[in-house]
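**Q** Sequence:
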Amino acid sequence: MVLYDRIDIAILDDDPLHRKLLRALLEADGYAISIEEKTGEDFLERIKSITPLPRVCIVDIFLPGMNGFETIKLLKDSWPAIKVIAYTGAVETSTFENAINAGADLLMLKGEHPKKMIRTIEGLIEDWKESDDTSYFL
1 MVLYDRIDIA ILDDDPLHRK LLRALLEADG YAISIEEKTG EDFLERIKSI TPLPRVCIVD
61 IFLPGMNGFE TIKLLKDSWP AIKVIAYTGA VETSTFENAI NAGADLLMLK GEHPKKMIRT
121 IEGLIEDWKE SDDTSYFL
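The end of the sequence shown is residue 138 by the working numbering, with every number in the run present.
Treat each hint with caution, since some may be false.
Label pairs and their calculated CB-CB ranges [unchecked claim]: (1) T51 - D77: 14 to 22 Å; (2) G89 - K115: 12 to 20 Å; (3) D127 - R6: 17 to 25 Å; (4) T39 - W79: 14 to 22 Å; (5) G65 - G111: 18 to 26 Å; (6) S49 - V91: 13 to 21 Å; (7) E27 - S49: 32 to 40 Å; (8) V91 - T51: 32 to 40 Å; (9) T51 - E92: 35 to 43 Å; (10) L17 - K116: 14 to 22 Å; (11) E41 - H113: 25 to 33 Å; (12) T93 - R6: 31 to 39 Å.
Just so you know, these hints were derived from the structure itself, not from any lab.
All C-beta atoms, glycine included, are put in the ideal place defined by N, C-alpha and C.
Turn these sequences into a full structure, and let the hints guide you.
**A** As structure tokens, this is what we get:
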């Protein structure tokens, strides 16, 4: 069974440099970028229309319009099997709490070593593979 050959990742960040850097990092490691958006509204609209769904979404917290917390909540309400990394440049205790309460699987700081992002995604994918959640494919 070939369920895990292609790992699609979605990126939501209003900073074009961060989007470009994430795309380059992830593609160099063999991931496919299925969505790249700068607003939560556009991101949620795009995800409704793509197949396959991304297995991991990297969501910036501080965005114009709908913020990352709201986007994560709506994303997880509709597609709970998708893993979400809340991604931010400034972390306070409330940022972490709000991200987890919104449904993020974890929080990462912008500026951390790029290999940490890859290891984090690999860990989320491995957790997902080991779970009994096959709803992703329905």
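**Q** Next, verify each hint and record whether it holds.
**A** Going through the hints against the structure:
1. Between T51 and D77 the beta carbons are some 19 Å apart, a value that agrees with the proposed interval 14 to 22 Å.
2. For G89 paired with K115, a C-beta distance near 19 Å keeps the hint of 12 to 20 Å intact.
3. Between D127 and R6 the beta carbons are some 18 Å apart, a value that agrees with the proposed interval 17 to 25 Å.
4. In this structure the supplied range 14 to 22 Å holds for T39 paired with W79, their Cβ-Cβ distance being about 18 Å.
5. The hinted window of 18 to 26 Å between G65 and G111 holds, with their beta carbons roughly 24 Å apart.
6. Between S49 and V91 the Cβ separation comes to about 32 Å, which falls outside the hinted range of 13 to 21 Å.
7. For E27 and S49, the Cβ-Cβ distance of about 22 Å falls outside the hinted range of 32 to 40 Å, so the restraint is violated.
8. Between V91 and T51 the CB atoms are about 34 Å apart, so this pair conforms to the stated range of 32 to 40 Å.
9. For the pair T51 and E92, the supplied restraint of 35 to 43 Å holds, since their beta-carbon distance comes to about 37 Å.
10. Distance hint check for L17 and K116: the Cβ-Cβ separation is about 18 Å, which falls inside the suggested range of 14 to 22 Å.
11. Between E41 and H113 the beta carbons are some 31 Å apart, a value that agrees with the proposed interval 25 to 33 Å.
12. Taken as a hint, the range 31 to 39 Å holds for the pair T93 and R6, whose Cβ atoms sit roughly 37 Å apart.
When held up to the earlier numbered hints, the structure conflicts with 6, 7 and fits the remainder.
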